[in-house]
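Asks: Given the coordinates of chain S, work out where chain B should sit on it, guided by the hints.
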Amino acid sequence: MAKFGGHSLDHAGFVAIKDKLTAAVAAAFQAKLQEMGEDAKGVSWFSAVAEEYATSRLRSAA
Amino acid sequence: MKFSFVERVDTPLFEATRGAWAHQIESNSDNVSESYYAAALDFCGRVIADCDKDPRSGCVSAVQEDGCPYAAALIIVTHAKHKSEVRMLDVYVQPDLNLADSGPNYAALAWIAATAVVGCLELTYETYPADQLKLHTAFPLDREFMASLTTAIFGVEELQDHYQVSNAGNWLVVAKTQRDPPRLRLAD
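Chains as they are written, first to last, in our numbering: chain S, 1 to 62; chain B, 1001 to 1188.
With the rest of the complex left out, here is chain S (with noise of 0.2 Å):
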């Protein structure tokens, strides 16, 4: 009997596995998020303000 072996992951075991991933990635976000607290504010994908709260960070551990 033989099989293929070596596989890669193809689109179809990506959306298998998506739903799992999914839910590790936002809680493993979430978890740094909190950690973060303030600091939340300097990254740009959730802050309007990341740049600037970003530069007076800087400025202030300078």
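Hints in this document: simulated from the structure, not taken from any laboratory.
Positions of the beta carbon are idealized from the N, C-alpha and C atoms, including for glycine.
Among the clues, some could well be false.
Said to hold, decoys possible - Covered stretches of chain S, as calculated for chain B (at least 3 residues, CB under 8 Å): (1) 14-28; (2) 31-38; (3) 47-57.
As the list claims (entries may be wrong) - Straight-line C-alpha distance at most 16 Å; calculated EDC-like pairs for lysine to aspartate or glutamate: (4) K1002/B - E1065/B; (5) K18/S - E1158/B; (6) K18/S - D1010/B; (7) K18/S - E1126/B; (8) K1176/B - E1158/B; (9) K1176/B - D1101/B; (10) K1176/B - D10/S; (11) K20/S - E1126/B; (12) K1083/B - D1131/B; (13) K20/S - E1122/B; (14) K18/S - E1122/B; (15) K1081/B - D1101/B; (16) K1176/B - E1126/B; (17) K1176/B - D1161/B; (18) K1081/B - E1158/B; (19) K1053/B - D1010/B; (20) K1002/B - D10/S; (21) K1081/B - E1126/B; (22) K1002/B - D1066/B; (23) K1176/B - E1085/B; (24) K20/S - E1158/B; (25) K1176/B - D1131/B.
As the list claims (entries may be wrong) - FRET-style restraints, in silico, Cβ to Cβ: (26) A12/S - D1042/B: 37 to 47 Å; (27) G37/S - D1050/B: 13 to 23 Å; (28) L58/S - S1057/B: 42 to 52 Å; (29) D1052/B - A12/S: 41 to 51 Å; (30) P1129/B - A23/S: 22 to 32 Å; (31) A16/S - E1007/B: 36 to 46 Å.
Replies: Relative to the frame of chain S, chain B by itself:
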């Protein structure tokens, strides 16, 4: 709270989003982000118009809460075919969730971001076939936030051998692991 990824925002969804987001901005008199959203929506509108002419150059994708007529987030996505990569550029969340103006709703933001990243990763399989997804990290705190993606991907057992995650300048790169072509082998 369940969100879905929209591969390509069409004009009706964009107009519904523009109207809903404008209403959210108006309802917050202390809003500091009005000019930010004006520029963001103007930019997205231009990308959508260009995408209608030539979808290969990229498009605006979205994350939409199930049952909601407008987008919770708009995402600029491009496809560099010659480099075999999909690039996730700017992400704009709806004004009600923007941390510049509102109290933090980390759960909603986390699910929106996760839906966006996984949706863009799926684009690399059929819509925009590519070897890797690159996420733009404009600022140091972007990189700090995105680093948690690495832990999440490698925490899913089925995926551990299928991706490599690395930093390259202002990008976080999620690359598909290159495998040897299938080989015929003897089984017991």
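Asks: Which of the listed hints are broken here?
Replies: Hints 6, 9, 11, 15, 18, 20, 27, 28, 29, 31 are the ones this structure does not satisfy, whereas the remaining hints hold.
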